[in-house]
Amino acid sequence: MSVAAGLATAAWRRYRAGRQRRTSPVLIASAAVIVLATFVAVAGPLLAPYNPDLPDLSQYFVGPTPDHLLGFDAQGRDVLSRLLVGARTSMLGPLAVTLMCMTLGSLLAVTAAWRGGIIDAFISSGLDILFAFPGILLAVLAAAVFGAGLLAPVLALSVAYTPYVARVLRGAALRERAQPYIAALEVQGASSVAICLRHLIPNMLHLIVAQATTLFGYAMVDLAAISFLGLGVQPPSADWGVMVSENQQGIIQGFPIPALAAGVCIVFVVIAFNLLGERLYERGEARR
Amino acid sequence: MNRAEPAAGAPLLELEGVTVRLPVEGSMQAVLQDVSFAIRPGEALGLVGESGSGKSMTARAIDRLLPPGAAVTGRVRFGGRDVMTLSGADLKRFRGEVAMIFQDPRAHTNPVRRIGDFMTEALRTNARVPMDEAARRAVDLLASVGIEDGDRRLRQYPHELSGGLLQRVMIATALLTRPRLLLADEPTTALDVTTQAEVLAILDNLRSELSLAMLFITHNLELAAAICDRTVVMYAGQVVEVRESNRLHDQPLHPYTAALAAARPSIDATAHRLTAIPGRPLSAFEAPAEACAFTARCPYAADVCRERRPALVELDGGLTRCARARELFGRLEVELHA
Amino acid sequence: MGPAESVHLRFFVRRLAMLLVSLLVASFVIFAAIYLAPGNPIAALSGGRSLPPDSLHVLEARYHLDQPFIVQYWYWLSNAFHGNLGISITLRENVSDLIASRISTTAGLVLYSSILIIVIGVGLGILSGFKRGLLDTSTLVITAISASLPAFVAAIVLILVFAVQLQWFPSLGNGVGFIDQVRHLTLPAFALAVSSLAIVARVTRAAIREEARREHVQTAVSRGIPTAELIRRHVLRNAAIPITTISGITVASLIAVAAVVEVVFGLAGLGAYLVQSAQSKDLAVVQGISLLLVTTFVVMNVLVDVLYAVLDPRVSLGSRAQ
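Listed in order, the protein sequences are those of chains A, B and C.
Per the working numbering, the first sequence starts with residue 126, numbered consecutively.
Per the working numbering, the second sequence starts with residue 5, numbered consecutively.
Per the working numbering, the third sequence starts with residue -19, numbered consecutively.
Keep in mind that the hints are not guaranteed to be accurate.
What the hints assert, rightly or not - What the simulated footprint calls covered on chain C by chain B, stretch by stretch (three residues with Cβ under 8 Å from a Cβ of chain B suffice, anywhere in the stretch; the number is not a length):
| id | stretch |
| --- | --- |
| 1 | 49 to 63 |
| 2 | 186 to 196 |
| 3 | 204 to 211 |
| 4 | 280 to 293 |
Everything labelled a hint here was simulated from the structure, so no lab data went into it.
The beta-carbon is built from N, C-alpha and C at its ideal position, and this holds for glycine as well.
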């Protein structure tokens, strides 16, 4: 079919507008992965069949056995147990980044949009300046200054991501602010805080949730990378990023399972969050 | 130019039983049902109906601009040639002879190209007219639509022009390839009221000056009557009435036309309230196969209307698709009685 | 000068001013790191090592630690401006020299990746944007997955498949000579490119679809403009705006992520050196490399904005579209 024929018209879109969005299998699968990962993050230590931190050098990269489904890692520890226990730090870091970032981002966005004028200009240019730091770079810098560990990178990433979140939310808040119902509430004498908390933010909630979901995925990738680089979660703690790093040698030596298993966990959770975030965003847009 | 000239008195454009189906929700649904009408050279024909009645689809079917997957039956002839089978150079020439003006000039101009580029594009790519020659012709035409500083306008971008100005540019652009038929799809709906009148006057003058045929699509019955020689009224993808414009308002043949006329506020009528047509307009694919599509909203609906879809019949020099047309003739209420 | 040009000029001047402020603030944050660190600046700069007295004097003199903070910052910045980034506490060498010896690896890696992203990402996006069918569907599925692929996971998978199993490419080191270096950079470049490439392909595809649907394309069709012209002048030209923006942003972000890839593949690049210095608390090196990377990142982002303004006549004073 030629491109000319492939060009749908406005009229055509009108005919399709009535089409209902159904819950897609992708959405269900994503949600299932997230629920599972969250469950493991909470209950991991109870689920782990073996002590995840007990090394046995005689079991160096011993392959999967019926008792040890994913085999042993470079230090002879049970890989499955480490994966289950490692879910906690792997999920907790991104969660902390997401919470901090969304709180800070929403606060700045709503303040800027609501107050406007010089305050908006101040916040907006401050955010523009923050764009100068790529997340990973700021995290490495923070780790160099404050020492390796989860805390410094989490703080650094929260700061680095805030402008991305705040810029989008500010736009949404400005659009919402311009709605006549807000003016009506102001005329009725409702306080700014009350309007923001009870009307403005609830009406932006779909966007906030969609952003948070996507952000979680990005934060997970970056934090795992920081841990992989040895600047985040410190060995011997079990963490997916750390596990990829610890067992990287196995890739070349013919024992890829321990490193790959941790990598696959990260990828699955990140994909789930990204797809879910994308769908939530589309739904929010469609609802408007 | 090698134009296939129709015999004297033959229509320039002729639609014969055009039915268009589109894939909706996986099945093919009709959006146009058995649409037939003709336009003579130099004639202005109005096409009136509510949104969703198939007015725009008709224009798109004529200009071969239907969405992908559309299935068309029936015939569209232009200058005696079957439009649906045109391809290559013939299709290109056809599109040069039939120009289209759209409702929203802003959406219909490429925002990243200058007005000059937009105006002369077809001339340069299809007719191989050199740039400076094409630009000169564009400036001339801009002057004829009341834009004097054409040279400057050609260097501007669409977003630098107001809606009314842009629509005038659109009209000038449409005339640039010296078409024989103009398809004007609600050309003034997106403009504010004062600009509307201006653009309409320009369109009307140029049209008679160039003795250009025009299909004027609008939801406004009065407007169609003011501009066009004859008017076609559409409802639910079907033609329900074809009539001389000057008789359309006073002597409508179809209850739907009468309802449309009554729903318009009239300046000289001292109406105390406006009547709205009860119910909601039907899409073509919602129209019953075995009844008149207007039954549900028609104050004159009777059993005969629900038995089968009425055919388009001749009456008093017009055409109407109403089973009770003859008995209702002259009795349809148009004026409001306070 | 017409009004359009002056608006453009104002945009560029404003953007340039913001660039300078951004760099100033970023450099300030990077410098202030030695004061944010626990302990005194000397401890921070020495990474907690006990240094011989003459080394301490060198540090004190270099950072003018007896002067007020803002004066110290000024000295540090003007030194940095002249290419003097201080001395590595671990290697006892000029940071500038250490950076200079590693910069080509990182630049090569980022350049290689950028080419992959733009050629494959944009190419794939255009193809699947225009042609529905198997290619489009598979592109959509594969890019959905690979967009979420962290660089270090992509790296180990690439090593496993192409270095260990197929043995097509080496998995470690820089290589010697141009061809060998390119061979050594191939897997790292793909690992670095993969998620950005997927994002660029998706955005490109969406942009093509979006632009092809525009009403103004209908206008061109109704005027009988040939399909090839239609695609070039109305679809690709307009889609080029979001495509350029997303390509620019992702390519700029490679600068930071390159560190991860360099570590996996044992490349002697800036990023790997930054990480190594962060681990050994060699703060002068961390500062120097951070300053360089941030500057590059900011400049590239400004270039993207400028390119955007050039491509889109509607942009006058606003910043990049969301």
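Okay, the hints, checked on the actual structure:
Given a C-beta distance limit of less than 8 Å, the hint that chain B covers the stretch 49 to 63 of chain C is violated, as 0 residues qualify and 3 are needed. With 3 residues bearing a CB less than 8 Å from a CB of chain B, the stretch 186 to 196 of chain C meets the requirement of three and the coverage assertion stands. Counting residues of the stretch 204 to 211 of chain C whose beta carbon lies closer than 8 Å to any beta carbon of chain B gives 4, which meets the minimum of three for the stated coverage. Residue count for the stretch 280 to 293 of chain C with a Cβ under 8 Å from a Cβ of chain B: 3. That meets the three needed, and the coverage hint holds.
Of the numbered hints stated above, the single one contradicted by the structure is hint 1.
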